[in-house]
Amino acid sequence: MNLSDFLVVSALLFMIGAYGAFTRKNAIAVILSIELMLNAANLNFLSFWRFLHPSSMEPQIFVLVGITLAAAEAAVGLAVILNIYRDFGTINVEDISLLKG
Amino acid sequence: MPIIWLIPLAPLIGALIAGVLALTRKAEKVAPIFTIAATLYSGYIALFLHRGYASATWLTIGSSYRIALDVNLDALTFTMVCVVTLVSALVQMYSIGYMENENGYARYFAYVSIFTASMLGLVSADNLFQLYVCWELVGICSYLLIGFWWFKPSAANAAKKAFVVTRFGDVGFLLGVLLLSSAAGSFQFTDIAHTMHAISMGELFTPLVSARTFLWLAPLLLFCGAVGKSAQFPLHIWLPDAMEGPTPVSALIHAATMVAAGVYMVTRLFTLFAYVPVVTETVLVIGMITAFLSASIAIVQNDIKKVLAYSTISQLGYMMLGLGAMGTVIAPSVSGVYTTGQTAAMFHLTTHAMFKALLFLTAGSVIHALHHSSDPNDMRSMGGLMKRMPITAWTCLAGVLALAGLFPFSGFWSKDAIFGALREASSKEPVAMFALVVAIIVAGMTAFYSLRLWLMTFWGEPRSEHAEHAHESPWVMTLPLVILGFLSVFLGGYLYFGDRFANSLTGLNMPTEPLNPALAGISTLVALFGLGLAWKLYAVRRLEKDPVTSLPSSVYSFLVNLWYMDAFWNRFGAAWVVALGGMVAWFDRNVVDRIVSGLPAWVCQQGGLAIRKTESGQTQSYAVTVLAAVSFIIVTLLWLTKYLPGPMHITMITH
Chain A
1 MNLSDFLVVS ALLFMIGAYG AFTRKNAIAV ILSIELMLNA ANLNFLSFWR
51 FLHPSSMEPQ IFVLVGITLA AAEAAVGLAV ILNIYRDFGT INVEDISLLK
101 G
Chain B
1 MPIIWLIPLA PLIGALIAGV LALTRKAEKV APIFTIAATL YSGYIALFLH
51 RGYASATWLT IGSSYRIALD VNLDALTFTM VCVVTLVSAL VQMYSIGYME
101 NENGYARYFA YVSIFTASML GLVSADNLFQ LYVCWELVGI CSYLLIGFWW
151 FKPSAANAAK KAFVVTRFGD VGFLLGVLLL SSAAGSFQFT DIAHTMHAIS
201 MGELFTPLVS ARTFLWLAPL LLFCGAVGKS AQFPLHIWLP DAMEGPTPVS
251 ALIHAATMVA AGVYMVTRLF TLFAYVPVVT ETVLVIGMIT AFLSASIAIV
301 QNDIKKVLAY STISQLGYMM LGLGAMGTVI APSVSGVYTT GQTAAMFHLT
351 THAMFKALLF LTAGSVIHAL HHSSDPNDMR SMGGLMKRMP ITAWTCLAGV
401 LALAGLFPFS GFWSKDAIFG ALREASSKEP VAMFALVVAI IVAGMTAFYS
451 LRLWLMTFWG EPRSEHAEHA HESPWVMTLP LVILGFLSVF LGGYLYFGDR
501 FANSLTGLNM PTEPLNPALA GISTLVALFG LGLAWKLYAV RRLEKDPVTS
551 LPSSVYSFLV NLWYMDAFWN RFGAAWVVAL GGMVAWFDRN VVDRIVSGLP
601 AWVCQQGGLA IRKTESGQTQ SYAVTVLAAV SFIIVTLLWL TKYLPGPMHI
651 TMITH
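In the order they appear, the protein sequences are chains A and B. Residues 1 to 101 (the numbering used here) make up the first sequence, in order. Residues 1 to 655 (the numbering used here) make up the second sequence, in order.
Please keep in mind that the hints were generated in silico from the structure rather than gathered at the bench. Careful: at least some of the hints might be erroneous.
What the hints assert, rightly or not - Here are the simulated DMTMM-like cross-link-like pairs (lysine to aspartate or glutamate), alpha carbons at most 20 Å apart as the crow flies: (1) B:Lys26 to B:Glu100; (2) A:Lys25 to A:Glu94; (3) B:Lys613 to A:Asp95; (4) A:Lys100 to B:Glu461; (5) A:Lys25 to A:Asp5; (6) A:Lys25 to B:Glu615; (7) B:Lys613 to A:Glu94; (8) B:Lys545 to B:Glu461.
Said to hold, decoys possible - Away from chain A, derived, C-beta distances all over 10 Å, residues of chain B: (9) Ala54; (10) Phe163; (11) Val278; (12) Phe292; (13) Leu627.
These figures come from a predicted structure and were not determined experimentally. No residue lacks a Cβ here, since even glycine has one placed at the ideal position from N, Cα and C.
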């Protein structure tokens, strides 16, 4: 198990998340996908720490903050989706296109 | 600070006070107290100091190019300061009554006071730069005061016309100033005079043009300015229109002082004009044409102010005749040639300022009395005002006789001095002989139209109801008339006897040539003939029909149409500009606008339509774009680090 194995896993995780975020029509599924991408980033971060600078503590703290933010983001995101549902009667992201030029 | 600075500055301070009163619209009635006091104070300082000099550096360009502000109170300036402050103070006093119920009362006095300050700055200048600045300042004051009743379209147009037409001359003047000062490396009059002398001696190279050309080109360019400002042919067309302004303004600016600035400038810089005969001949011929043309037009005018306006142009032509004639050189020197012609021109300028200001003020008094009439300027609806306005009538008669050049009124002495200078010149130049004959004919025409004006206005029976009920003006208006009337009668003789004027101006104590009895006799006879003809035709109880209308119709229409000079300018001056403007406008609309609104607009529109499609409102597609862009940047950076050495080098760290 060396650094590149972890990075490959992280990259796969990120791409799966990105694919989900870009293609799923259900807003909740989009948020789930974004969570995947966040976790991929965290994994990447931790991998570099573990293999390159194992003595320093800061990356762990960064990642903990990241996880906390991800939780907060999920809460806010769900609240936004709830309000969107109230206003539009749907959570299909294709139907929510008020910004269309 | 030397007190001499207050000569131009005191009226400026007065103008500032009046300006504040005008802006705050408080206590407007006290404005004239300050401006008149300031004007009188300037005159008092000049009389008290008599001679003086002060100079301050305003700007220094490079190491030696010095632009100065000066007050050079020499004999010539002293004369001009006396004329300007006296006429200005009297006109302002008169205006207290004339402008009484006008809106913008304080504004009027502020303008007049700025004008007085600018005019004093002009005559006290000792360098071309200050002369030019003040030259334009009096021009803008003239513009503001002609357009004082700006809500009348005719006044606004006249103001614009005056400004634009004088600009034609001022372009030449500016070029002359630049040419002379670039050759001299200085703006001071004495430096320029010495430079001109060195150029004529072939001791100095001239910029842009050869020395021979320079000697006639530079003074003639300066003369262009005088032609515009002093309303000489062919740029005289603005002055009659300038009568749209309040009448006291016409008296001060468009008769006595500003229009004389051109004559003053030529007198001041006459040393530059004296090198090449063609220059003085040009001045002479222009003066001759102007004097004759405008005197002939004045004969057929019915508007009292227009008669006086054409008369002013004609008299300014006389002054130019005197300058161009040169006469005998009294005091030759590099920096100050004095000729009898110059002395005569300045003498005529002085007396003319008195009697023409008087005539305009009496005309204003009449207009003031008739101001309920639909056209208060029209002499055809006047008549019989002598009994109703005796002071105005008698002072006006004094002005008329002075203008006609009748012995012993002021105009006689100064006009005769000009004839004398022409006669002296005629032995050398045949054109001066011709000019002398024309000048004498013009004297007869002047006598005719001036008495015609007086008789149509004051004689006989009233020809309208308004004239029937006219009343004499209040004392603030008649007192200046009486003072100016007194001066119109006596000033000329007083200055003539003992050669007071000539000696004061040249600073020499030498007797000038005595009055030539034959010439004086001829000019008096001609003037009497003009007066007699006017008396015979116009001194009737009831003037049914204006006798000048029975001139041959071709002559009459030629004169009424102002020698077609306005038509000429409209055709060949204005029309070409308008046609050119039309072409430029067409080019702008059809070529420039097509290109501008065509190509870039098309690009913008198509680009907008294309970009619009990307704005789908789909957050996901935006995110894809962001991902694609970031990926592209990263890949590019990596690729660059691989192929390009340099600062963008990213070291891949491996464990």
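Going through the hints against the structure:
no., hint, result
1, B:Lys26 to B:Glu100, "15 Å, holds"
2, A:Lys25 to A:Glu94, "7 Å, holds"
3, B:Lys613 to A:Asp95, "17 Å, holds"
4, A:Lys100 to B:Glu461, "89 Å, violated"
5, A:Lys25 to A:Asp5, "32 Å, violated"
6, A:Lys25 to B:Glu615, "18 Å, holds"
7, B:Lys613 to A:Glu94, "15 Å, holds"
8, B:Lys545 to B:Glu461, "13 Å, holds"
9, Ala54, "73 Å, holds"
10, Phe163, "54 Å, holds"
11, Val278, "76 Å, holds"
12, Phe292, "78 Å, holds"
13, Leu627, "6 Å, violated"
Violated hints, in rising order: 4, 5, 13; the structure is consistent with all others.
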